[in-house]
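**Q** Here the protein sequences come in this chain order: A and B.
If you're matching positions, the first sequence starts at 1 in my numbering and goes up one per residue.
If you're matching positions, the second sequence starts at 1 in my numbering and goes up one per residue.
Hints are supplied without guarantee of correctness; some may be wrong.
Intra- or inter-copy, both count: the list cannot distinguish identical chains.
To be verified - Pairs of lysine to aspartate or glutamate residues, derived as EDC-like cross-links and limited to a Cα-Cα distance of at most 16 Å, are as follows: (1) K75 x E22; (2) K120 x D44; (3) K108 x D219; (4) K5 x D198; (5) K5 x E172; (6) K240 x D219; (7) K79 x D219; (8) K53 x E67; (9) K75 x E24; (10) K210 x D160; (11) K5 x E173; (12) K15 x E67.
Hints are computed from structural coordinates only; laboratory data are not their basis.
Number of protein chains: 2
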Amino acid sequence: MDLIKQLFYTKNISKNTATLDEEESRHLTLSLRKKETEMVHFTDGKGYIYSGKIGKNNLKNKTVVLENVQIIEFKPHTKPQTGIAISPIKNVDRFEWFIEKATELGVKHIYPIVCDRTEKTNIRLDRMEKICISAMKQCLNSWQPIISAPQSFKEFLEIDHVFEQKIIAHCEETSKTDLLESLLPNKSTLVLIGPEGDFTGSEINVAIKKNFMPTSLGDFRLRTETAGVYCATIMNAFLK
Amino acid sequence: MDLIKQLFYTKNISKNTATLDEEESRHLTLSLRKKETEMVHFTDGKGYIYSGKIGKNNLKNKTVVLENVQIIEFKPHTKPQTGIAISPIKNVDRFEWFIEKATELGVKHIYPIVCDRTEKTNIRLDRMEKICISAMKQCLNSWQPIISAPQSFKEFLEIDHVFEQKIIAHCEETSKTDLLESLLPNKSTLVLIGPEGDFTGSEINVAIKKNFMPTSLGDFRLRTETAGVYCATIMNAFLK
Numbered sequence: 001m002d003l004i005k006q007l008f009y010t011k012n013i014s015k016n017t018a019t020l021d022e023e024e025s026r027h028l029t030l031s032l033r034k035k036e037t038e039m040v041h042f043t044d045g046k047g048y049i050y051s052g053k054i055g056k057n058n059l060k061n062k063t064v065v066l067e068n069v070q071i072i073e074f075k076p077h078t079k080p081q082t083g084i085a086i087s088p089i090k091n092v093d094r095f096e097w098f099i100e101k102a103t104e105l106g107v108k109h110i111y112p113i114v115c116d117r118t119e120k121t122n123i124r125l126d127r128m129e130k131i132c133i134s135a136m137k138q139c140l141n142s143w144q145p146i147i148s149a150p151q152s153f154k155e156f157l158e159i160d161h162v163f164e165q166k167i168i169a170h171c172e173e174t175s176k177t178d179l180l181e182s183l184l185p186n187k188s189t190l191v192l193i194g195p196e197g198d199f200t201g202s203e204i205n206v207a208i209k210k211n212f213m214p215t216s217l218g219d220f221r222l223r224t225e226t227a228g229v230y231c232a233t234i235m236n237a238f239l240k
Numbered sequence: 001m002d003l004i005k006q007l008f009y010t011k012n013i014s015k016n017t018a019t020l021d022e023e024e025s026r027h028l029t030l031s032l033r034k035k036e037t038e039m040v041h042f043t044d045g046k047g048y049i050y051s052g053k054i055g056k057n058n059l060k061n062k063t064v065v066l067e068n069v070q071i072i073e074f075k076p077h078t079k080p081q082t083g084i085a086i087s088p089i090k091n092v093d094r095f096e097w098f099i100e101k102a103t104e105l106g107v108k109h110i111y112p113i114v115c116d117r118t119e120k121t122n123i124r125l126d127r128m129e130k131i132c133i134s135a136m137k138q139c140l141n142s143w144q145p146i147i148s149a150p151q152s153f154k155e156f157l158e159i160d161h162v163f164e165q166k167i168i169a170h171c172e173e174t175s176k177t178d179l180l181e182s183l184l185p186n187k188s189t190l191v192l193i194g195p196e197g198d199f200t201g202s203e204i205n206v207a208i209k210k211n212f213m214p215t216s217l218g219d220f221r222l223r224t225e226t227a228g229v230y231c232a233t234i235m236n237a238f239l240k
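Please construct the entire structure, taking both the sequences and the accompanying hints into account.
**A** Structure follows, in structure tokens:
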């Protein structure tokens, strides 16, 4: 495969054409000054990377149509699936940092969970999705994390999420194992991360009853978004 | 030890008094509305946590003096020392994010290195130091990373930095081992991380000649600051 230098994004793909939305098209035509016969690479966020040619005169349109679309590569998720359920953070920038880094590190599912001590209960899903797409393109990945709508901690635990190992990371001074020591490398993994004020004792007990393993993330107290990136890193590095 | 809820910072410590600078004093008096006889906890960034009492009438001064200063705790660095040598990043926010996270994750030394493809060659050391102090206080740590002045990549490699294992992380398609598989858990560790355009082939060769092990950081391309936090996480979790 030729070395891909830049990646665009669209889900609007037909038999052998693909249409970029206005924003992607604008980026293509104005920022990059691409000529009309150039090859463009793009992803659908589901593991596929495609090539397509900018059709004649297409750059004059608001939405660029790519022709001769071909699949260049499909990258199956070879590693076990990963999920991070994390409390929204009062400072939106910090939560967006986490979303961006989780995308770079290949986290498959992100579940915003509203806990007892969560200070900010809503997030802008449309904005989070844009951040994922941007991070995916920047890092030439072809997988976009699936971000769920926010749910309460209790609601989230009621659902049987199909992960083989389930972990709750917290700061309380109770019996815990270390994350790296707890993980089995070939198992799909879900980690729960609480708000800045941590999970309550009651939330931890509910999670334990649902077979979540209480875990510490090293010796230092971490901010919520740091804990999120810590877990995403460990899962990226350790799960095979 | 009583649970510490908040940590201040000063290096200005005498036999049994300590003086907070104007900013710390302002934070103490205005934001927190602490009464005059309250106990305050503070760190010097060198592993020590102290307690001190706000002296009578001291809150009227611009710089608060704490009395009856006592050492509460000293946390020696029990783990092997860690260092990250990393290229400055054009977007200052991103570099500051790395500095904050590296502090939370207990990195001992940070060396900004100017590489061939580094786009922004200077950093504001005073600002970086403030970020370290703030992160350290926020996470109730007592160790402040030592941030060196920026140096060129070549100058940096000329110096014999005393780390037992040395690693260069890069994206080139050449023979590399995986970071987690390369690390020995009981050895002090230095990792080199390049700019967004990666190290050049020539820089990689120079590092290899100086016994740096070429390493990959997982399957995905990472931004520079993400690579920095990735390495800080792995070292935090894995080195004992």
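**Q** Hint by hint, say whether it matches the structure.
**A** Status of each hint after checking the structure:
no. : hint        : verdict
1   : K75 x E22   : neither (27 Å within a copy, 56 Å between copies)
2   : K120 x D44  : neither (31 Å within a copy, 33 Å between copies)
3   : K108 x D219 : between (27 Å within a copy, 14 Å between copies)
4   : K5 x D198   : between (41 Å within a copy, 14 Å between copies)
5   : K5 x E172   : between (46 Å within a copy, 14 Å between copies)
6   : K240 x D219 : between (25 Å within a copy, 11 Å between copies)
7   : K79 x D219  : between (28 Å within a copy, 10 Å between copies)
8   : K53 x E67   : within (5 Å within a copy, 73 Å between copies)
9   : K75 x E24   : neither (23 Å within a copy, 52 Å between copies)
10  : K210 x D160 : within (9 Å within a copy, 52 Å between copies)
11  : K5 x E173   : between (48 Å within a copy, 15 Å between copies)
12  : K15 x E67   : within (10 Å within a copy, 77 Å between copies)
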